[in-house]
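Protein chains: 2
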Amino acid sequence: MAHGGNIFEIQRKCNIHKDDLLDYSANINPLGLPDSLKTMILHSIEDLQHYPDIHYEELKMAIAEYYCVDKKDIFVGNGAAQIIFDTIHALNPKKTMILAPTFSEYERALKVCGSEIVKHALHEEEDFRVNIQELLEAMDKDIDLMILCNPNNPTSKLLKAEEIKKVLEQAVKKNIYLMIDEAFMDFVSEEESYSMMQSYREYENLVIVRAFTKFYGIPGLRLGFGLCSNEKLKEKISSGAIPWSINTFAAYFGKVLLAETNYVEKTHRWLENEKKRFVEKLKEIDGLKIFSPSVNFILVKILKPNVDVLQLQKKLLEKNILIRDCSNFSNLDKSFFRIAIKDETNNEKFAEALQEAMIK
Amino acid sequence: MAHGGNIFEIQRKCNIHKDDLLDYSANINPLGLPDSLKTMILHSIEDLQHYPDIHYEELKMAIAEYYCVDKKDIFVGNGAAQIIFDTIHALNPKKTMILAPTFSEYERALKVCGSEIVKHALHEEEDFRVNIQELLEAMDKDIDLMILCNPNNPTSKLLKAEEIKKVLEQAVKKNIYLMIDEAFMDFVSEEESYSMMQSYREYENLVIVRAFTKFYGIPGLRLGFGLCSNEKLKEKISSGAIPWSINTFAAYFGKVLLAETNYVEKTHRWLENEKKRFVEKLKEIDGLKIFSPSVNFILVKILKPNVDVLQLQKKLLEKNILIRDCSNFSNLDKSFFRIAIKDETNNEKFAEALQEAMIK
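The listed protein sequences correspond, in order, to chains A and B.
For the first sequence, the numbering used here gives the first residue as 57, with consecutive numbering after it.
For the second sequence, the numbering used here gives the first residue as 57, with consecutive numbering after it.
So here's chain A without its partners, still in its complex pose (with noise of 0.2 Å):
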């Protein structure tokens, strides 16, 4: 499986009904659907029979407000998925580098494009932390495209703003463009010294890309924009986009967005204090190390010699619980998975589960 949350296959090939499976292998907040979501969704079901808004002014107008940047900057997708495809197939890059390990969309986009890729290994005695002076030595002429996870995906290590500027300074002077993939920072609670989004005005070589899947816990809805102030590359991935990318549901978010500061606050709350206690209880289960994880979910490796995470991910099927393999992640083996962090009732039954599992 290339990715996490397929809990329809796991229903398929393991006969467990996804709804009795605790899936610790996608990264989406627990605290469920906000309530004005759902309201939303029962009072828009006859809107189903009308084309979306082609221009989705609504949803724009409403991101722009909640993230205080400018409409005009905004395009919206079908999940980051499409903003991260639409924007490689508009730069159209002959080399581009990513990281390793990194979300593996980006490769897959990339190959679609012909591009050539170089892989800047993240060092696991440096907990995979991008190292920025390493990364700038690397950043060579010949490169056109450089993305960059943040936090990235499956580390969960974040790169400070002010990092990303001096990044950003050498792609303007080897003219590179870059991608910044800021899935998770919602999750993040002081976003204001590590996102982009409030400096993203001064780069004509930048394009944000944000989801909503994670942090609202809509994957199903699949919602996505991406930023970028260079008018002509903003109308460059726009025109080659599929029309009516977004359905009903997710065209009217705008609403829910705006209309859900609680869940913000309560999302936020529950992150600090889970993410601390998880850890904590992680770390006393013999035989692996914790990668400390800035968002809602951990890298994990298995220290003892004789287990592996396939071994590992079938006796934790047993018991209904899914965690994501990274074995398929470049520079990782079947030494790592990934997991989320959940609320305390389940991250506990978790936590005896996979010390069970270490010993058996």
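Rather than coming from a laboratory, the hints here were simulated on the basis of the structure.
Because identical chains cannot be distinguished in the list, a pair is counted as satisfied if it fits within a single copy or across any two copies.
Pairs of lysine to any residue residues, derived as SDA-like cross-links and limited to a Cα-Cα distance of at most 25 Å, are as follows:
id: 1; residue 1: K151; residue 2: G170
id: 2; residue 1: K94; residue 2: K311
id: 3; residue 1: K150; residue 2: K292
id: 4; residue 1: K151; residue 2: K292
Only a predicted model underlies this, so the values are computations on that prediction, with no experimental measurement involved.
Guided by the hints, dock chain B onto chain A, whose structure is given.
Coordinates of chain B only, in the frame set by chain A:
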């Protein structure tokens, strides 16, 4: 406006609330949403918390069963628009032949891929029917892809399956791929005489595009599929597509599809009767040429030299009625417009308003 149905733009520009607008510009089934769809949505709201099945197995199984095609030949997408874009991306044609007039998104997708476009003009004096002999002669060896829309939008004219088979045989000889867009085919009562769905297995160079949007009255849900027996090509199209392209509700649409045989019969009954009645009614209006429709939309020409479609559109908008200006279709001009067929009550209202607008 490049497409029909943009009621949100009308709402913004003309200050007419979308719910007060009689939208004759989009060709959507006036029977409204199937009941089972509403039930399904109400029951699956919580499932938005999961990623949809990345393989959409259940949906494909339902499509295969309903249309008697092979599951392995199906690929699904975010509306027919995605099927069209992904197929064109995968084929990456140097030179493509399309009809004129036809649905505008082919041209847009082809331009994104940098394909040269040859427009095969349909003749007004032949009621814009495709002249198969002429088409066969026009199929040069240097064409890589031909796109047919059947029934054609905006002409509402059908090609018979036996005619398309002639085109396919010529295409095989000349190494041309054929993409047939059957987005409105569900509206055709004797589908088997016109659709290629039952003989697609015989042709390695054929891709069929289908949509649920129009027939089931759900353009807001975004769901279409493609059919292709050429495994390599199907694989290439799928591998270039964005992941999770279909939202949770659309992914469950198979349940609706298999439940709604009554809806299908009711739609065919309504269309058979109302098409005949509405066309006769429209023919009574002076100064119009009504092109006889095969499905749920009608191409109309204004014969009065002092009236053009922009004036007419404006006059009808004053009565909260929206028609589709067809002047931006190749080979048509400011004397053409397209209207949907709705229920008798609305059609009567429409015909009356149109008659008045033509006199003034």
